[in-house]
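Undergrad: Model the full assembly from the supplied sequences, consistent with the hints where possible.
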Amino acid sequence: MATLLRIAATCFGVALLAVSAAAVEPDEILADAKLEARARAISAGLRCLVCQNQSIDDSNAPLARDLRILVRQRLKAGDSDAQVFAYVEGRYGKFVLLQPPLALSTIALWSTPLVLLALAGFALWRMRSSSPGIASSRLSGEEEDRLRALLGGDKKT
4 MATLLRIAAT
14 CFGVALLAVS
24 AAAVEPDEIL
34 ADAKLEARAR
44 AISAGLRCLV
54 CQNQSIDDSN
64 APLARDLRIL
74 VRQRLKAGDS
84 DAQVFAYVEG
94 RYGKFVLLQP
104 PLALSTIALW
114 STPLVLLALA
124 GFALWRMRSS
134 SPGIASSRLS
144 GEEEDRLRAL
154 LGGDKKT
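Residue numbers (the working numbering): 4 to 160.
I should point out that these hints are in silico values taken from the structure, not numbers from a laboratory.
These numbers were taken from a predicted model, which means no experiment stands behind them.
Idealized CB from N, CA, C, for every residue including glycine.
Careful, some of the hints might be misleading.
Claimed, not checked - Derived CB-CB ranges, DEER-like: (1) Q86 / C54: 20 to 26 Å; (2) V53 / M130: 46 to 52 Å; (3) I110 / A64: 36 to 42 Å; (4) S108 / I72: 28 to 34 Å; (5) A47 / T115: 45 to 51 Å; (6) I110 / Y90: 31 to 37 Å; (7) A80 / A47: 17 to 23 Å; (8) L127 / S83: 32 to 38 Å; (9) S83 / M130: 52 to 58 Å; (10) L66 / L112: 33 to 39 Å; (11) I72 / A111: 32 to 38 Å; (12) V53 / T13: 26 to 32 Å; (13) K97 / S132: 39 to 45 Å; (14) Y90 / T6: 47 to 53 Å.
TA: Here it is, written out as structure tokens:
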């Protein structure tokens, strides 16, 4: 059983490697190994606008291919990594970045759920502390006798 699981895990790993390796097509690969490594690093940081949860390096979408080619063209033209990121971001917006920079808008986006949770907790605490509790009162003697009569017992305890 353990051997079968090992074989299945190995096959799954090989399949994953084959899928990710198939995204960058041979005609896209640059002859210069250093430029290609930079292109792969940049492509890994850019979001595929079609798939949205994959980098353009991992995506097989036609738009991702176009973006990979664009990145390689910009690198061949002599752009730095930062210039390539700025160029692509200028055309497609911050959404194209897989790791957008920390800004006031992103801080607000990530902190809003925490603020709402804190406000809800405060409101719940205020409602519970300001509402009067249920007063427990004992039954009068007449009410106890009537209750015993209804329950069918005449014993006094």
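Undergrad: Indicate, hint by hint, whether the structure satisfies it.
TA: Tested hints:
Distance hint for Q86 and C54: a CB-CB separation of about 25 Å, consistent with the stated range 20 to 26 Å. Range check, V53 to M130: Cβ separation about 47 Å, and the 46 to 52 Å hint holds. Look at I110 against A64: about 31 Å separates their beta carbons, and that is not inside 36 to 42 Å. S108 and I72 have their C-beta atoms about 31 Å apart, which keeps the hinted 28 to 34 Å range intact.
Range check, A47 to T115: about 29 Å between beta-carbon atoms, so the 45 to 51 Å window is missed. Range check, I110 to Y90: about 26 Å between beta-carbon atoms, so the 31 to 37 Å window is missed. Distance hint check: the CB atoms of A80 and A47 are about 20 Å apart, consistent with the given range 17 to 23 Å. The supplied range of 32 to 38 Å is broken by L127 and S83, whose beta-carbon atoms lie about 52 Å from each other.
S83 and M130 have their C-beta atoms about 57 Å apart, which keeps the hinted 52 to 58 Å range intact. With their beta carbons about 25 Å apart, L66 and L112 fall outside the hinted range of 33 to 39 Å. Checked against the hint of 32 to 38 Å, the C-beta distance between I72 and A111 comes to roughly 36 Å, which is consistent with it. The given range of 26 to 32 Å is respected by V53 and T13, whose C-beta atoms sit roughly 31 Å from each other.
For the pair K97 and S132, the supplied restraint of 39 to 45 Å holds, since their beta-carbon distance comes to about 43 Å. Separated by about 51 Å at the C-beta atoms, Y90 and T6 satisfy the suggested range of 47 to 53 Å.
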